[in-house]
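A.B. asks: Which chain is which? The protein sequence lines are A and B, in order. The first sequence runs 1 to 363 under our numbering. The second sequence runs 1 to 363 under our numbering.
Simulated from the structure, these hints should not be mistaken for lab results. Since this is a predicted model, take the numbers as computed values, not measurements. Be aware that a few hints might be false.
Partial chain B-side listing against chain A, Cβ under 8 Å, derived [as the list claims (entries may be wrong)]:
1) K12
2) I14
3) P172
Taking lysine to aspartate or glutamate pairs in the DMTMM-like style, the calculated list, with each CA pair at most 20 Å apart, reads [as the list claims (entries may be wrong)]:
4) K292(B) / D160(A)
5) K163(B) / E109(A)
6) K236(B) / D268(B)
7) K298(B) / D160(A)
8) K296(B) / D160(A)
9) K163(B) / E114(A)
10) K345(A) / D86(B)
11) K291(A) / D106(B)
12) K291(B) / E114(A)
13) K292(A) / D108(B)
14) K296(B) / D179(A)
15) K291(A) / D108(B)
16) K292(B) / E117(A)
17) K291(B) / D179(A)
18) K82(A) / E202(B)
19) K291(B) / E109(A)
So these bits of chain A aren't anywhere near chain B, every CB distance computed over 12 Å [claimed, not checked]:
20) S27
21) I34
22) S40
23) D154
24) S166
25) V175
26) D184
27) N194
28) A195
29) S262
30) K292
31) A293
32) I302
Quick reminder that beta carbons are idealized off the backbone N, C-alpha and C, glycines included.
Spelled out from the first residue to the last, the chains are:
Protein chains: 2
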Amino acid sequence: MADQTSKETRKKLIALGDKIVNDIERSENPNIEIPIRALSNVVFDKKANQLTLGNKTSKRYYFNVAHSKKFMQTMMVASFCKSLLDNSIHASIRDMYYNLKRTLPDSDENTIDEQSESDPLIVDIEVALDILREQLHLTTDRKGIVAGNVIIQDRGDSIDWSKLGSGGWSIPSTVEEIDIKKVDADFVLVVEKNAGFERLHEDKFWQKHKSILIGTGGQPSRGTRLLIQRLHDEFKLPVYVFCDADAYGVYIYSVIKSGSISLAHVSDRISTPSAKFIGLTISDVFEYDLKKATIKAKDVDIKRAKEMLEYEWFKKNPRWQKELNLMVEKGIKAEIEALSHRGLKFMSEEYLPDKLKKKNFLD
Amino acid sequence: MADQTSKETRKKLIALGDKIVNDIERSENPNIEIPIRALSNVVFDKKANQLTLGNKTSKRYYFNVAHSKKFMQTMMVASFCKSLLDNSIHASIRDMYYNLKRTLPDSDENTIDEQSESDPLIVDIEVALDILREQLHLTTDRKGIVAGNVIIQDRGDSIDWSKLGSGGWSIPSTVEEIDIKKVDADFVLVVEKNAGFERLHEDKFWQKHKSILIGTGGQPSRGTRLLIQRLHDEFKLPVYVFCDADAYGVYIYSVIKSGSISLAHVSDRISTPSAKFIGLTISDVFEYDLKKATIKAKDVDIKRAKEMLEYEWFKKNPRWQKELNLMVEKGIKAEIEALSHRGLKFMSEEYLPDKLKKKNFLD
Numbered sequence: 001m002a003d004q005t006s007k008e009t010r011k012k013l014i015a016l017g018d019k020i021v022n023d024i025e026r027s028e029n030p031n032i033e034i035p036i037r038a039l040s041n042v043v044f045d046k047k048a049n050q051l052t053l054g055n056k057t058s059k060r061y062y063f064n065v066a067h068s069k070k071f072m073q074t075m076m077v078a079s080f081c082k083s084l085l086d087n088s089i090h091a092s093i094r095d096m097y098y099n100l101k102r103t104l105p106d107s108d109e110n111t112i113d114e115q116s117e118s119d120p121l122i123v124d125i126e127v128a129l130d131i132l133r134e135q136l137h138l139t140t141d142r143k144g145i146v147a148g149n150v151i152i153q154d155r156g157d158s159i160d161w162s163k164l165g166s167g168g169w170s171i172p173s174t175v176e177e178i179d180i181k182k183v184d185a186d187f188v189l190v191v192e193k194n195a196g197f198e199r200l201h202e203d204k205f206w207q208k209h210k211s212i213l214i215g216t217g218g219q220p221s222r223g224t225r226l227l228i229q230r231l232h233d234e235f236k237l238p239v240y241v242f243c244d245a246d247a248y249g250v251y252i253y254s255v256i257k258s259g260s261i262s263l264a265h266v267s268d269r270i271s272t273p274s275a276k277f278i279g280l281t282i283s284d285v286f287e288y289d290l291k292k293a294t295i296k297a298k299d300v301d302i303k304r305a306k307e308m309l310e311y312e313w314f315k316k317n318p319r320w321q322k323e324l325n326l327m328v329e330k331g332i333k334a335e336i337e338a339l340s341h342r343g344l345k346f347m348s349e350e351y352l353p354d355k356l357k358k359k360n361f362l363d
Numbered sequence: 001m002a003d004q005t006s007k008e009t010r011k012k013l014i015a016l017g018d019k020i021v022n023d024i025e026r027s028e029n030p031n032i033e034i035p036i037r038a039l040s041n042v043v044f045d046k047k048a049n050q051l052t053l054g055n056k057t058s059k060r061y062y063f064n065v066a067h068s069k070k071f072m073q074t075m076m077v078a079s080f081c082k083s084l085l086d087n088s089i090h091a092s093i094r095d096m097y098y099n100l101k102r103t104l105p106d107s108d109e110n111t112i113d114e115q116s117e118s119d120p121l122i123v124d125i126e127v128a129l130d131i132l133r134e135q136l137h138l139t140t141d142r143k144g145i146v147a148g149n150v151i152i153q154d155r156g157d158s159i160d161w162s163k164l165g166s167g168g169w170s171i172p173s174t175v176e177e178i179d180i181k182k183v184d185a186d187f188v189l190v191v192e193k194n195a196g197f198e199r200l201h202e203d204k205f206w207q208k209h210k211s212i213l214i215g216t217g218g219q220p221s222r223g224t225r226l227l228i229q230r231l232h233d234e235f236k237l238p239v240y241v242f243c244d245a246d247a248y249g250v251y252i253y254s255v256i257k258s259g260s261i262s263l264a265h266v267s268d269r270i271s272t273p274s275a276k277f278i279g280l281t282i283s284d285v286f287e288y289d290l291k292k293a294t295i296k297a298k299d300v301d302i303k304r305a306k307e308m309l310e311y312e313w314f315k316k317n318p319r320w321q322k323e324l325n326l327m328v329e330k331g332i333k334a335e336i337e338a339l340s341h342r343g344l345k346f347m348s349e350e351y352l353p354d355k356l357k358k359k360n361f362l363d
């Protein structure tokens with residue numbers, strides 16, 4: 001998988017270079033066509049249930065005083081990425097910035113002054129060539145842990161996610177490149193909080209309920225989102241997301257499911273539209289007798305919940321309307337740790353099994 | 001190891017309970033003696049090179065209107081921890097809070113209202129009984145990754161840290177309980193940043209230089225600090241810490257080495273006084289031609305560097321005085337990613353090998 005992806009990405013980068021050479025040979029103004037990423041070109045694709053980019057594009061020209069430097073920088077970034085692929089190595093976007101920053105001979109002009117100049121160019125290349133940053137061998141910060149009956153192949157190692165003790169496998173950003181060899185699981189359970197991961201991992205939830213357990217440690221990293229999507233796409237595993245009963249928890253779920261505005265250009269590559277929300281809901285607070293373990297919602301929680309009531313993908317669903325309205329009306333929120341109020345193993349042995357049995361999910 | 005530690009911790013908790021029962025039977029006012037953790041009782045132990053607690057203690061009485069509730073809460077926490085040990089399970093401090101929070105019968109009085117009430121009680125028990133929170137089976141948030149030629153035993157799994165692909169082993173908070181079976185390494189390299197870990201891991205630095213590579217992802221978690229200490233103590237491995245050349249990087253080093261004020265009561269258990277700072281230094285910026293890759297220091301960086309010049313453990317060392325003064329005078333800082341300015345593999349293949357060869361460390 002790694003080799004094939006890398007070959008295709010190289011081909012696209014080379015085609016970009018060839019196109020510019022062609023422009024020059026035909027005495028045309030060398031240019032690159034790049035889809036526009038402004039909010040005006042972000043649309044919600046109802047069929048795919050995802051945020052995505054519209055059709056508007058713009059051209060970046062070499063002979064144009066306003067474009068020239070950016071054009072040069074874009075070529076530098078593309079060339080840097082090609083050399084990463086040629087050498088089978090990876091770099092962070094900060095590494096790239098430091099590597100490309102230099103002063104042009106006989107001048108005071110730097111190729112790049114700040115990382116804020118080079119970062120958007122990566123996204124330009126992602127959208128222009130329809131590839132992921134990860135395929136360009138640019139790494140993003142890692143976060144997230146996984147455990148379950150899965151065997152993968154990665155950098156020559158065969159790794160069994162069921163045999164990693166209390167630790168678990170730390171999810172890198174290079175998830176695109178691992179080979180998932182064997183999966184013995186019926187679903188993926190994604191937990192927003194490390195404390196929830198520890199609880200479920202210690203209670204061997206993934207063993208008892210034949211599942212793959214992923215802890216995101218807050219908003220999931222790109223690597224973790226990619227992993228969730230791959231497990232869903234390649235092994236047809238349903239994905240259940242388990243978050244706090246507050247606006248932030250619901251937002252984490254919506255990012256896993258539908259993507260985010262800032263990453264709308266890669267939604268189809270790193271989000272999982274069929275993901276379902278297993279809990280915690282405000283309704284659960286009443287159904288499972290957790291009233292004593294709720295927290296008073298802050299103004300910002302209420303404000304966010306009200307905003308979400310207007311999101312297209314929550315608007316059409318009466319159950320989400322009900323839950324978001326409950327947040328606003330009751331003025332409370334509840335963390336997944338609140339389940340410990342009913343006993344430490346209540347989460348693993350009663351709450352989640354009950355939700356799974358009743359298929360009590362929000363979509 | 002896990003069993004032995006757990007047995008001793010249980011013994012201490014039971015002794016605490018027995019002592020209270022004894023007080024009652026002898027008609028004495030039941031009380032617990034707790035070392036004082038205020039700054040007035042935090043001292044720098046020059047011999048051990050660590051922050052530690054002084055000898056001042058205070059007593060918490062049951063029959064004392066000002067102490068009574070806290071006394072009850074302390075007993076609840078101790079009893080909760082004993083039940084964790086009895087059942088061989090773990091819980092986060094937030095889980096504990098939710099679990100212990102309840103309303104006393106026929107009253108409006110809660111056992112605990114906020115987590116800010118229960119958290120300090122854990123520390124009280126830690127210092128009163130001279131045990132670690134981890135030994136009480138209370139987990140802290142995890143962070144940190146490790147790779148290297150090490151085989152451990154954890155929850156029945158045998159885990160080889162050299163065979164985990166690009167991922168690495170995610171360091172849990174329960175490091176006290178793992179058995180480190182086999183170590184084939186000459187030193188431990190601790191890297192402040194995940195990007196640095198990725199670089200060195202991909203370049204197989206730990207293989208080529210027979211070391212254990214630990215990525216802390218910023219300020220290290222308690223689990224990661226415990227792991228560093230165990231590798232040093234049990235296998236006599238030197239520990240080298242690799243951070244940004246700025247006040248925050250130096251602070252991370254000082255926490256690994258000497259502990260922090262807020263955790264002074266456990267310094268001797270989770271810090272590594274012999275740890276050395278391998279880089280990055282401002283001197284390195286000039287020595288390795290990285291001037292183009294520095295960043296202008298912010299006011300807060302300069303302020304912190306000036307404060308550190310006055311820290312006892314930096315004051316006595318002329319090399320630290322020189323480096324901290326350079327930060328102030330030059331008004332610059334440099335990240336470890338700045339080494340990419342000299343090429344992506346410069347860190348793994350030139351800079352670190354050169355520093356190691358010359359034993360160019362700060363103590």
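A.B. asks: Compare the structure with each hint and give your call.
C.D. replies: Checked hints:
Annotation: interface hint on K12(B) violated; nearest CB of chain A at approximately 22 Å, more than 8 Å. Interface restraint check: I14(B) against chain A, minimum CB-CB distance 21 Å, threshold 8 Å, status violated. Here the hint on P172(B) is kept, as its CB sits about 4 Å from the closest CB of chain A, short of 8 Å. Between K292(B) and D160(A), the direct Cα distance comes to roughly 44 Å. Violation of the 20 Å bound is thereby established for this hinted pair.
For the hint pairing K163(B) with E109(A), the CA-to-CA distance comes to about 46 Å; that exceeds 20 Å, so the pair is violated. Distance check on the hinted pair: K236(B) and D268(B) sit about 16 Å apart at the alpha-carbon level, within 20 Å; holds. Of the pairs offered as hints, the one joining K298(B) and D160(A) is violated, with about 46 Å between alpha carbons and a cut-off of 20 Å exceeded. With a C-alpha separation of about 46 Å, the suggested pair K296(B) and D160(A) falls outside the 20 Å cut-off, and the hint is violated.
Proximity of K163(B) to E114(A) is assessed by CA-CA distance (about 38 Å); at most 20 Å being required, the pair is judged violated. Restraint check for K345(A) and D86(B): satisfied, since their Cα atoms lie roughly 14 Å apart, inside the 20 Å limit. Proximity of K291(A) to D106(B) is assessed by CA-CA distance (about 18 Å); at most 20 Å being required, the pair is judged to hold. Distance restraint check for K291(B) and E114(A): the Cα-Cα separation of roughly 15 Å lies within the 20 Å cut-off, and the hinted pair is therefore satisfied.
The hinted pair formed by K292(A) and D108(B) meets the criterion: a straight-line CA distance of about 12 Å does not exceed 20 Å. Between K296(B) and D179(A) the CA atoms are separated by roughly 43 Å; this puts the pair beyond 20 Å, and the hint is violated. The hinted pair formed by K291(A) and D108(B) meets the criterion: a straight-line CA distance of about 15 Å does not exceed 20 Å. Annotation: proposed proximity of K292(B) to E117(A) holds, straight-line Cα distance about 16 Å (limit 20 Å).
A hinted pair counts as satisfied when its Cα atoms are at most 20 Å apart, and K291(B) with D179(A) does not qualify at roughly 41 Å. Taking the CA atoms of K82(A) and E202(B), the gap is about 18 Å. The hint holds against a cut of 20 Å. For the given pair, K291(B) sits about 16 Å from E109(A) by alpha-carbon distance, which is consistent with the 20 Å threshold. Every CB of chain B lies more than 12 Å from the CB of S27(A), the least distance being 36 Å, so the non-interface label holds.
With a closest Cβ-Cβ approach of about 26 Å to chain B, I34(A) is found to remain outside the 12 Å limit, as its non-interface label requires. With a least CB separation of 34 Å from chain B, S40(A) remains clear of the 12 Å interface cut-off, as annotated. For D154(A), the requirement that its beta carbon stay farther than 12 Å from each beta carbon of chain B is not met, with the minimum near 3 Å. Not every beta carbon of chain B lies more than 12 Å from that of S166(A), the smallest distance being close to 4 Å; the non-interface claim is violated.
With a minimum CB-CB distance of about 9 Å to chain B, V175(A) fails to clear the 12 Å threshold, and the non-interface call is violated. With a least CB separation of 17 Å from chain B, D184(A) remains clear of the 12 Å interface cut-off, as annotated. Not every Cβ of chain B is farther than 12 Å from the Cβ of N194(A); the closest lies at roughly 6 Å, contradicting the non-interface assignment. Consistency note on A195(A): stated as away from chain B, yet its beta-carbon is not over 12 Å from all of that chain's, at 4 Å minimum.
Against the 12 Å criterion, S262(A) stays outside the reach of chain B, whose nearest CB is about 21 Å from its own CB. The Cβ of K292(A) does not lie farther than 12 Å from every Cβ of chain B; its closest approach is about 7 Å, which violates its non-interface assignment. Distance check for A293(A) against chain B: the nearest CB is about 5 Å away, which does not clear 12 Å, and the non-interface claim fails. Residue-level check passed: I302(A) sits 21 Å from the nearest beta carbon of chain B, beyond 12 Å.
In this structure, the earlier hints numbered 1, 2, 4, 5, 7, 8, 9, 14, 17, 23, 24, 25, 27, 28, 30, 31 are contradicted, and the remaining ones agree with it.
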